[in-house]
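**Student:** Between the sequences and the hints, there should be enough to build the whole structure, so can you do that?
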Amino acid sequence: MPAHDVPPINAHANVPLSAGATVSQYDDVWLVIPAYNEGQVIAGVVEDARKTFPHIVVVDDGSTDDSAEHIATTGAHLVRHPVNLGQGAALQTGLKYALAQPGARYFATFDADGQHQTADVEKMVEVLRRDEADVVLGSRFIEQNGQVPWIKRVVLRTAAAVSPTARKLKLTDAHNGLRVLSRKAAEQLNITMNGMAHASEIVGFLAGSDLRVAEVPVDILYTEYSRAKGQSLINGVNIVFDITMRERDR
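Residues in the sequence shown are numbered consecutively from 1, following this note's numbering.
Worth flagging that the hints you see were computed from the coordinates, not collected in a lab. For each residue, glycine too, the CB sits at the ideal point set by N, CA and C. It is possible that some hints are incorrect.
Unchecked claim - Pair by pair, the computed Cβ-Cβ distance ranges are:
no.	residue 1	residue 2	range
1	Glu187	Pro82	25 to 31 Å
2	Lys184	Asp219	25 to 31 Å
3	Val83	Ile142	34 to 40 Å
Claimed, not checked - Restricting the straight-line Cα-Cα distance to at most 30 Å, the calculated cross-link-like pairs of lysine-lysine (DSS-like) are:
no.	residue 1	residue 2
4	Lys170	Lys96
5	Lys51	Lys123
6	Lys123	Lys184
7	Lys170	Lys51
8	Lys51	Lys96
9	Lys123	Lys170
10	Lys184	Lys170
11	Lys51	Lys184
12	Lys96	Lys123
**Tutor:** Written out as structure tokens, the structure is:
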């Protein structure tokens, strides 16, 4: 189902700021976290992120576990899809929600499994504040990162190599979910693809736009939990195939 065909959602306002999450220099930043069956870790991920970023919206994408219950305890805004629509739809829903919030200027897409670090978001936001870019993408490959599993390393490097749009943007990591967008970029972005295809769609959108795109090195934490939920070889092959077909049809 395309991401724009989203059934009605249930939204819940956040509870008062938890300890550490006070009005800060990041009061104009919103983290958008798509989540599907992340009940084991989501509360810890959100609570840790709110120590720096007080404004977070988590989109529970039709989880069948207790993710929503855990999210509701964190103080984040909770938006729920009644059925699982895929990560592309969850991101689009979260961005739309965040764009509607007063004072929102910067929007970070952030994984629910604990792989992303708020310190990286901070430095990415600063690139936008200095008006050096409209979109900042995180890269695992600008600097050496020995944590990246070999299957993922091969898949992601191949994906960047076979994609003309990624090459046009001089990207080293076309499928990193850690991104920070200016309001201008977030308002223009319209994600219609789900699964991993949405990442290729975002790169294609950026390549065809007049937005300034920058990459910065980031550290991705591959925990036992995230590795267990990580990229299989067959899914990796599907990513490369999807990119090849999409580029051929342009």
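**Student:** Each of the hints needs a verdict: does it hold here or not?
**Tutor:** Hint check results:
1. Taking the beta carbon of each, glutamate 187 and proline 82 are about 26 Å apart, inside 25 to 31 Å as hinted.
2. In this structure the hint that lysine 184 and aspartate 219 lie 25 to 31 Å apart at CB holds, the actual value being about 28 Å.
3. Between valine 83 and isoleucine 142 the Cβ separation comes to about 38 Å, which falls inside the hinted range of 34 to 40 Å.
4. With a C-alpha separation of about 28 Å, the suggested pairing of lysine 170 with lysine 96 holds against the 30 Å cut-off.
5. A hinted pair counts as satisfied when its Cα atoms are at most 30 Å apart, and lysine 51 with lysine 123 qualifies at roughly 16 Å.
6. Simply put, lysine 123 and lysine 184 have alpha-carbon atoms about 19 Å apart, close enough for the 30 Å limit, and the pair holds.
7. For the given pair, lysine 170 sits about 34 Å from lysine 51 by alpha-carbon distance, which is inconsistent with the 30 Å threshold.
8. Between lysine 51 and lysine 96, the direct Cα distance comes to roughly 24 Å. Compliance with the 30 Å bound is thereby established for this hinted pair.
9. With a CA separation close to 20 Å, the supplied pair lysine 123 and lysine 170 stays within the 30 Å bound.
10. Taking the CA atoms of lysine 184 and lysine 170, the gap is about 22 Å. The hint holds against a cut of 30 Å.
11. A distance of roughly 26 Å separates the Cα atoms of lysine 51 and lysine 184; the hinted pair therefore holds under the 30 Å criterion.
12. Between the alpha carbons of lysine 96 and lysine 123 the distance comes to roughly 24 Å, so the proposed pair stays at or under 30 Å and holds.
Hint 7 from the earlier list is the only one contradicted by this structure; the remaining hints agree with it.
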